[in-house]
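K.L.:
Sequence:
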Amino acid sequence: MKYLSSYFTFATAIALFFSFEPSSPDPHENFVPCLYNYPNITNSISNVVYIQTNSSYSSVLDLTIVNRRFSNSSTKPLVIVTPLDVSQILATIICSQRHGLQIRTRSGGHDYEGLSYVAGVPFVLLDLSNLRQIAVDEENRTAWVQSGATLGELYYRISQKSKSLGFPAGVCATVGIGGHISGGGYGLMMRKYGIAADNVIDAHIIDVNGNLLDRQAMGEDLFWAIRGGGGASFGVIVAWKVNLVPVPSTVTVFDVSRTLEENATEIIQKWQVVANKLDERIMIRVDIARVNSRQHGKVTIKARFVSLFLGGVEELIPLMQNSLPELGLDRKDCKETSWIGSAVFFNAVLIGTSGNEPPEVMLNRTQLHLWKYKGKSDYVTQPIPVEGLQGLWRLLYEAKVENAQLQFAPYGGRMYEISESEIPFSHRSQYIYHIHYNNKWQEEGDEIAEKHMNFVRRMYKYMEPYVSNSPRAAYINYRDLDIGVNNNGYTSYTQAKIWGLKYFNNNFKRLARVKTKVDPDNFFRNEQSIPTLSMEEN
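Taking mature numbering (1 follows the signal peptide of the UniProt record, and there is no 0), I'd label the letters of the sequence shown as residues -25 to -1, 1 to 513.
Treat the hints as calculated values from the structure; they're not laboratory data.
From a predicted model like this one, the values you see are computed outputs, not experimental measurements.
A portion of the hints provided could be inaccurate.
As the list claims (entries may be wrong) - Computed cross-link-like contacts, EDC-like style, restricted to lysine to aspartate or glutamate with a CA-CA straight-line distance of at most 20 Å:
1) Lys484 <-> Glu512
2) Lys136 <-> Glu113
3) Lys245 <-> Asp305
4) Lys277 <-> Asp308
5) Lys216 <-> Asp112
6) Lys277 <-> Asp305
7) Lys492 <-> Glu512
8) Lys252 <-> Asp37
9) Lys415 <-> Glu377
10) Lys347 <-> Glu377
11) Lys167 <-> Asp305
12) Lys415 <-> Glu395
Stated by the list, open to error - Estimated spans, in silico, between C-beta atoms of each pair:
13) Ala192 <-> Trp346: 39 to 49 Å
14) Asn463 <-> Pro293: 55 to 65 Å
15) Gly194 <-> Ser509: 17 to 27 Å
16) Asn22 <-> Asn462: 31 to 41 Å
17) Glu419 <-> Gly75: 27 to 37 Å
18) Gly287 <-> Asn18: 44 to 54 Å
19) Gln296 <-> Asn18: 55 to 65 Å
Glycine included, each C-beta is placed from N, C-alpha and C at the ideal position.
Starting from the given sequences, assemble the full structure and let the hints guide the process.
P.N.:
Next comes the structure, spelled out in structure tokens:
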């Protein structure tokens, strides 16, 4: 990536000089002229600036609003900037500060609460979708990937260079790299290789002063903070350098469903005991939802066991027969494929397609389904007893919603070998699996939205006795504003730790120290950004 190899210090000096010019009486109105007149911009910025009266404004804004709950939000950006290079990001940061605007940075638009493109204050949307270069170095088993690229694009580019390398990250092809890695980024290879952020070896970030910093220049504290601590609190992350991991030429996948009538409860009970202890090459996720029963007019609970094994089916079947015979996995349930084939398969499980598409489908950035949704998360330290599961089934039976789902994702393997303080993502050996709650709908109206969101909250409340506590842990990439928010202005560490400890546990204080050092005036902020520390708190 040529543009990352050097940077001009003269431009940084100009940026600082420019940022301290006297403010005008109408600061917001002068933001765009500030951009247009900004020195040392290498491409014409006027082509990537969209104000609300621009005919393309709405289409650019809506392009990657994944959660349609926010598609009609009244809190829209005053300006959208879709930069083509670093100089345009720098200008946006400096001009936003000068003219009293906040910045929200969007890579793929999958933020569960819309914080990458919604704000209750005047703001600029910095949309990184044009910054999607990927450079794979097969010999050194690394890749540079810009933040606006998607997981699907990264997986595809890796597969075009090598059939023996992969990257351990999520299953949704349209998720943006920037937000995914900065929040942790787990996927179906995490038991073998950890999460995406565990495999980052360098990064490029533009800080509040307009400096482009690599790992050496930013220092180890900031480099630690952006790998799982939520990068939007510290600057604009332009690109990541990641280690690629070895994958076999043949992997095995399966997607097997069992209903309550087919002993799903008993299988899940056994899964809770063994899933985190299995060979680290296998991960078996369980997706749980209410479905129509084969008996006319009745409903039941279906558990989908979705799995990746880094090896062939002949090795997988005996492993499953020894560890989870209750599932009754058969060779005909399994599919041998390449690693990129498995990525296509799991993306298809998510979006409801066949899974037989060519690898090029991973390049599709268009959302096939336009849903509104609400998500929450939990972590489990010991198996949920059968009566706890049966109570959950009853809750799903009674639901007046159609698409509520829980996902159970097991830990173990490499996740247990990494210290909880290695990076800000602290959810490690203390947990046996992670829970993702989700409910989606397409109907319009505030009352309908409240009904669906409240059902997710009911599931979450019901599960309280069976999950972690003090703190009740949560995953920042399944952002949940129910657990606490910052003030519009200053937020103390004491207030912010109500939600911060849930995401980061004992790492939250260190994150706040880094934030105080690199962004002392708290320019990069949102409803759940890392707070700065007062002198007393520090």
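K.L.:
State for each hint whether it applies.
P.N.:
Hints, verified against the model:
Distance restraint check for Lys484 and Glu512: the Cα-Cα separation of roughly 9 Å lies within the 20 Å cut-off, and the hinted pair is therefore satisfied. Only pairs whose Cα atoms come within 20 Å are accepted, and Lys136 paired with Glu113 is accepted, the gap being roughly 7 Å. For the suggested pair Lys245 and Asp305, the alpha carbons sit about 18 Å apart, so the restraint of at most 20 Å is met. With a C-alpha separation of about 17 Å, the suggested pair Lys277 and Asp308 falls inside the 20 Å cut-off, and the hint holds.
Proximity of Lys216 to Asp112 is assessed by CA-CA distance (about 10 Å); at most 20 Å being required, the pair is judged to hold. Under the criterion of a C-alpha separation no larger than 20 Å, the hint pairing Lys277 with Asp305 is consistent with the structure, at around 19 Å. Distance restraint check for Lys492 and Glu512: the Cα-Cα separation of roughly 13 Å lies within the 20 Å cut-off, and the hinted pair is therefore satisfied. At most 20 Å may separate the alpha-carbon atoms for a hinted pair to count; Lys252 and Asp37 exceed this at roughly 43 Å.
With a CA separation close to 8 Å, the supplied pair Lys415 and Glu377 stays within the 20 Å bound. Between the alpha carbons of Lys347 and Glu377 the distance comes to roughly 13 Å, so the proposed pair stays at or under 20 Å and holds. Note on Lys167 and Asp305: the hinted pairing is violated, with a Cα-Cα distance of about 24 Å set against a maximum of 20 Å. A threshold of 20 Å between alpha carbons decides the hint, and for Lys415 with Glu395 the separation of about 32 Å lies outside it, so the pair is violated.
Checked against the given bound of 39 to 49 Å, the beta carbons of Ala192 and Trp346, roughly 41 Å apart, stay inside it. One distance hint, 55 to 65 Å for the beta-carbon pair Asn463 and Pro293, holds here, with the actual separation near 58 Å. Here the CB-CB span from Gly194 to Ser509 is close to 23 Å, well matched to the stated 17 to 27 Å. Distance hint check for Asn22 and Asn462: the Cβ-Cβ separation is about 37 Å, which falls inside the suggested range of 31 to 41 Å.
In this structure, Glu419 and Gly75 meet the distance hint of 27 to 37 Å, their C-beta atoms being roughly 34 Å apart. Evaluation of the 44 to 54 Å hint for Gly287 and Asn18 yields a pass: the beta carbon distance comes to about 49 Å. Our hint of 55 to 65 Å for Gln296 and Asn18 holds, since their Cβ atoms are close to 59 Å apart.
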